[in-house]
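Asker: Here the structure of chain B is known, so what remains is to put chain F in place on it, guided by the hints.
There are 2 protein chains.
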Amino acid sequence: MQKLIETIRAEGRYLGDSILKVDSFLNHQVDAGLMTDIGQALFERLKPAGAPITKVLTAEASGILPALTTAVAADCRMIYARKSRSKTMVDSFYTADAVSRTRANAVTFYVNQQFLTPEDNVLIIEDFLATGSSISALVNIVQQAGAQLAGIGTVIEKPSEKGREVISRQLPQPCPVASLACIGFDDDNWVAELGRLQVERPSA
Amino acid sequence: MQKLIETIRAEGRYLGDSILKVDSFLNHQVDAGLMTDIGQALFERLKPAGAPITKVLTAEASGILPALTTAVAADCRMIYARKSRSKTMVDSFYTADAVSRTRANAVTFYVNQQFLTPEDNVLIIEDFLATGSSISALVNIVQQAGAQLAGIGTVIEKPSEKGREVISRQLPQPCPVASLACIGFDDDNWVAELGRLQVERPSA
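Those protein sequence lines, which keep their order, are chains B and F.
The numbering of the first sequence is my numbering, which starts it at 1471 and goes up by one.
The numbering of the second sequence is my numbering, which starts it at 1471 and goes up by one.
Identical chains share a label here; the pair holds if one copy fits it or two copies do between them.
With a straight-line Cα cutoff of 20 Å, these simulated EDC-like cross-link-like pairs (lysine to aspartate or glutamate) come out: (1) K1491 / E1481; (2) K1632 / E1663; (3) K1557 / D1487; (4) K1491 / D1561; (5) K1557 / E1631.
No lab work stands behind these hints, which were simulated from the structure alone.
If we strip away everything but chain B, and leave its shape as in the complex, we get:
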């Protein structure tokens, strides 16, 4: 997705330690028009030939933006996993644990069991695919619900952190995994390139 790659090149700031700051357009300040295009691009790449998507699943907070615009493109509801329990969370929840790379803490994702069922055909959408920890937790929740996983989409992939391999090992069956941009690192340099769309298969 060329417009995204140009924005990353223009506005990304490298902090070292393979961390690229994109908070001017993606995950603090947000370019609303670009985010709309991102949702359309993710849905185009992951649109199933068969049964339509019924739910887009993500985790709060930064995943909410591309997940909402993808759900608008798919014309379905979206769910964002909560990271803490509030007073209003009185129902039964699926839970799964993840580790945040940039926050260095463990978090638990909560999804109300009423909203994800075996009848659902789900796209998982996140802003980053890095270590794969958050997406793995979301795949785990889809599996707990007995729902169908139709695809996984991310805005930016960091192939050096091998999240794609982590997720592949967990997949119950082949599943398309799409990123719109890839970032590579080499000492003090970084490059932004076109993302990848590949059907990942469970490894033996």
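Answerer: Same frame as chain B, but now just chain F:
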């Protein structure tokens, strides 16, 4: 906004203690089409006659959804205040404290000083106007930045918690405050009605 009110009446669940659960369409599972309409409705009500809106400001997590669709309608960038610091937050930040009613804890909002300046004309958007604590903290951040506050919009207002009065006391000058739906409580009953748009003035 009639479609919103009908959805609240159909899907809202009353938990007692003046708490109405709307997590099937607003703040856990999200109706993406309704959220698009909400953004357009908030922008229509708050669109300034003069200088255009340059930023929509909200706080993570549940405010992100109506703020993003409002920013799409206003064709500008949005900012969501972060609630915790991550490794990538290396710049200078405006901060303000708020108290969550449903989580019963204090939170600090962080906004990068690069993204909000005296040149900005800002709409604050949140999902709920209840005690007014979150919106007050966001007004405080707009004031710290020396930016212009063009209006405040919320999806659901709970007038019994007097947040509108709390915010009014803090306003530096008259400011339109819009809600799309109001919820009232009376013992074990609740009603959802049309929201309010009123220019609030700083009280003496």
